[in-house]
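Chain by chain, the residues run as shown.
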Amino acid sequence: MEEPIITVRNLQTFFHLEGRVSKAVDNVSFSVPKGKVICIVGESGCGKSVTALSLLRLVDFPGRIAGGEILFHNRDILKMNTKEIHNLRGDKISMIFQEPMTSLNPVFTIGRQISETLLEHTLCDRKEAWEKGVELIKKVGLPRAEKIMDSYPHELSGGMLQRVMIAIALSCQPELLIADEPTTALDVTIQAQVLDLLRQLRDQSDMSILFITHDLGVVAEIADYVIVMYAGRIIEEAPVTELFRHPRHPYTRGLLKSRPVIGQRRDRLYSIKGQVPDLSELPQGCYFADRCESCMEACRKEYPESVSDAGGHKTACLLYKEGVANGSTTAEDY
Amino acid sequence: MIPILFGISLLIFFLFALMPGDYFSSNRRLSPQRLEELRALYGMNKPLIVRYFIWLKNVFHGDFGFSLQHMQPVTTLINQYIWNSFIVALATLFFTWTIALVIGIYSATKQYSIFDRLVTLGVFASLSVPSFFIGLLLIKLFGVDLHILPIGGMIDTGSTTTGLAYVLEVLRHMILPITVLTFLSVGSLTRYFRTGMLEVLRMDFIRTARAKGLKERTVIFRHALRNAILPAITLLAFELPGLFSGAIITEQIFSWPGIGRIQLDALSARDYPVLMTLTMLLAFLTILGNFLADVLYAAADPRIRLTKKEGG
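Read top to bottom, the protein sequences are chains V and G. Here the first sequence stands for residues 1 to 334, where the numbers follow the UniProt record's numbering. Here the second sequence stands for residues 1 to 312, where the numbers follow the UniProt record's numbering.
Bound conformation, chain V alone (with noise of 0.2 Å):
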């Protein structure tokens, strides 16, 4: 791999709450390299926001990033001071949300939430960027871009807002986008254009793009590296394709096995049995083992380290750890 824009080594986000302590975010470690497009999959609750938003210190209370660092060229993020963080975000990280509709401030102009960012970050006057905000909405594809700068958000449909935040996001040319699950809240065929011009920018320019879903057909459509979160830690990793031909970990497993699949007529589709384990009462062994239809003893004992193949897809389950019995399951027929 390359160089790597941002490295994250065993991010640890906890939150407090009456007294207890649940692990929202785990021993977290990756890194993005530049121009890809990493991809962190899970189900909803498995730490994949949380760890969006600790790359820019922006977990509310009661949540709190607990350990680990968060390397960006070279310089831990969390040992930033406040100048120093409010300079990184929107100017070399940027960050796009799941919402759109509530996302832009409601009683202020399109125009002036763009203009916003690049004045704060570069130095230009308001005419300027006026003028580069009403570029921006040409990039991402708008029609009637100097009217759509007089707009307010209430005026704009859901999918021409993510394209707006999308402007925001791209405008001091960022390094790294991170886009928390930008499609979720949009309609289908939106979805699709939302996910063509992501991945259209990112060929223009070299950004990379830490992106956050649960949608697998997404993760098809845009990844080249995919992260598998389950209950706040790591199962699995690999490249795309590697992953989605290749799952190992029960988890990724079950995953792919409940989507459904054009062509294939099932009167219901697969779903893991179970839920997603109380973050703040995790089990002492893998916190999957509940749920798991190859769980073994040693399971409920210890959580299972990561281990790494010679192609460098990680999982982290004892089926793949050297000297137990392995898994001759491997995925071909899913």
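Because the hints were derived from the structure by calculation, they are not lab data. Where hints are given, some of them may not hold.
Stated by the list, open to error - Pairs of lysine-lysine residues, derived as DSSO-like cross-links and limited to a Cα-Cα distance of at most 30 Å, are as follows:
no.: 1; chain 1: V; residue 1: Lys83; chain 2: V; residue 2: Lys23
no.: 2; chain 1: G; residue 1: Lys110; chain 2: V; residue 2: Lys83
no.: 3; chain 1: G; residue 1: Lys215; chain 2: V; residue 2: Lys34
no.: 4; chain 1: V; residue 1: Lys257; chain 2: V; residue 2: Lys273
no.: 5; chain 1: V; residue 1: Lys139; chain 2: G; residue 2: Lys215
no.: 6; chain 1: G; residue 1: Lys215; chain 2: V; residue 2: Lys127
no.: 7; chain 1: V; residue 1: Lys79; chain 2: V; residue 2: Lys92
no.: 8; chain 1: V; residue 1: Lys83; chain 2: V; residue 2: Lys147
no.: 9; chain 1: G; residue 1: Lys110; chain 2: V; residue 2: Lys23
no.: 10; chain 1: V; residue 1: Lys127; chain 2: V; residue 2: Lys79
no.: 11; chain 1: V; residue 1: Lys79; chain 2: G; residue 2: Lys110
no.: 12; chain 1: G; residue 1: Lys215; chain 2: V; residue 2: Lys132
no.: 13; chain 1: V; residue 1: Lys79; chain 2: G; residue 2: Lys46
no.: 14; chain 1: V; residue 1: Lys92; chain 2: G; residue 2: Lys46
no.: 15; chain 1: V; residue 1: Lys23; chain 2: G; residue 2: Lys215
no.: 16; chain 1: V; residue 1: Lys132; chain 2: V; residue 2: Lys83
no.: 17; chain 1: V; residue 1: Lys147; chain 2: G; residue 2: Lys215
no.: 18; chain 1: V; residue 1: Lys138; chain 2: G; residue 2: Lys110
no.: 19; chain 1: G; residue 1: Lys215; chain 2: V; residue 2: Lys83
no.: 20; chain 1: V; residue 1: Lys23; chain 2: V; residue 2: Lys92
no.: 21; chain 1: V; residue 1: Lys92; chain 2: G; residue 2: Lys215
no.: 22; chain 1: V; residue 1: Lys321; chain 2: V; residue 2: Lys301
no.: 23; chain 1: V; residue 1: Lys273; chain 2: V; residue 2: Lys23
Nothing here was measured: the structure is a model prediction, and the numbers come from that model.
With the hints as your guide, set chain G onto chain V.
Chain G only, in chain V's frame:
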């Protein structure tokens, strides 16, 4: 607006007219014949519905009746006292809103801090202490013990000051009533602003603003504050009648010659024209305030524009 005012006039007139007794009936020295004569003199013996239209016609001519208790027209009487209440209420409004806004917003941004907890404590003190208690306490403290502020009234007894000296004298007398009234109303408003701000701070667009790299100050004062004070416009508009209604208890304690006391006196003397006029005035101001709130809100919130813009 106009039909509502008519409805109100009906309601007010009949409520007061149908109440048993009038200004004369509590005077036991009047013989029945004399009583009848007086009632006929002031038109109280006519049928109710006729009396209503007479009253309404007079109101249209700016004549709101005659106060038998004070022996002068109601408008003159009210005009004489209402401004005394108004200056106190206006100053109170100003201080209440300034203090509540600053403290409420500051404590919202520092939720769960020591300051925030102290504010919450203060809010409950403000909400639960009765006005006569805090009023008397302040009189005892500043008026009686420390001798730095007057204990009541609007000017010193037998004072003949004019010009600036007069203004200063009145101001000195205003300090305690204003303090009491501000203290009493600042609590709920602080709570209101704190809650509003907390709500806004949890919104997605605040996170967006932070993710854009804006300074925390910009996030709070530009993005959050505007949204947090929008609903307060309605509240502010409803303060309009409050400016003219007087504060009955506080005015009594500080013997402030305000409209609150006039109302109370009029009530015990059954001087109904005074009460009817005041109620009518407050009803009108409430409706006006409501109307102003709508206009102001539309001006301040782009989501509520009277002229429909074409969507993108």
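Evaluation of the provided hints:
no.: 1; hint: V:Lys83 to V:Lys23; in the structure: 28 Å, holds
no.: 2; hint: G:Lys110 to V:Lys83; in the structure: 20 Å, holds
no.: 3; hint: G:Lys215 to V:Lys34; in the structure: 28 Å, holds
no.: 4; hint: V:Lys257 to V:Lys273; in the structure: 13 Å, holds
no.: 5; hint: V:Lys139 to G:Lys215; in the structure: 27 Å, holds
no.: 6; hint: G:Lys215 to V:Lys127; in the structure: 22 Å, holds
no.: 7; hint: V:Lys79 to V:Lys92; in the structure: 17 Å, holds
no.: 8; hint: V:Lys83 to V:Lys147; in the structure: 34 Å, violated
no.: 9; hint: G:Lys110 to V:Lys23; in the structure: 25 Å, holds
no.: 10; hint: V:Lys127 to V:Lys79; in the structure: 36 Å, violated
no.: 11; hint: V:Lys79 to G:Lys110; in the structure: 22 Å, holds
no.: 12; hint: G:Lys215 to V:Lys132; in the structure: 22 Å, holds
no.: 13; hint: V:Lys79 to G:Lys46; in the structure: 87 Å, violated
no.: 14; hint: V:Lys92 to G:Lys46; in the structure: 85 Å, violated
no.: 15; hint: V:Lys23 to G:Lys215; in the structure: 29 Å, holds
no.: 16; hint: V:Lys132 to V:Lys83; in the structure: 25 Å, holds
no.: 17; hint: V:Lys147 to G:Lys215; in the structure: 28 Å, holds
no.: 18; hint: V:Lys138 to G:Lys110; in the structure: 40 Å, violated
no.: 19; hint: G:Lys215 to V:Lys83; in the structure: 8 Å, holds
no.: 20; hint: V:Lys23 to V:Lys92; in the structure: 28 Å, holds
no.: 21; hint: V:Lys92 to G:Lys215; in the structure: 16 Å, holds
no.: 22; hint: V:Lys321 to V:Lys301; in the structure: 14 Å, holds
no.: 23; hint: V:Lys273 to V:Lys23; in the structure: 22 Å, holds
The earlier numbered hints that this structure contradicts are 8, 10, 13, 14, 18.
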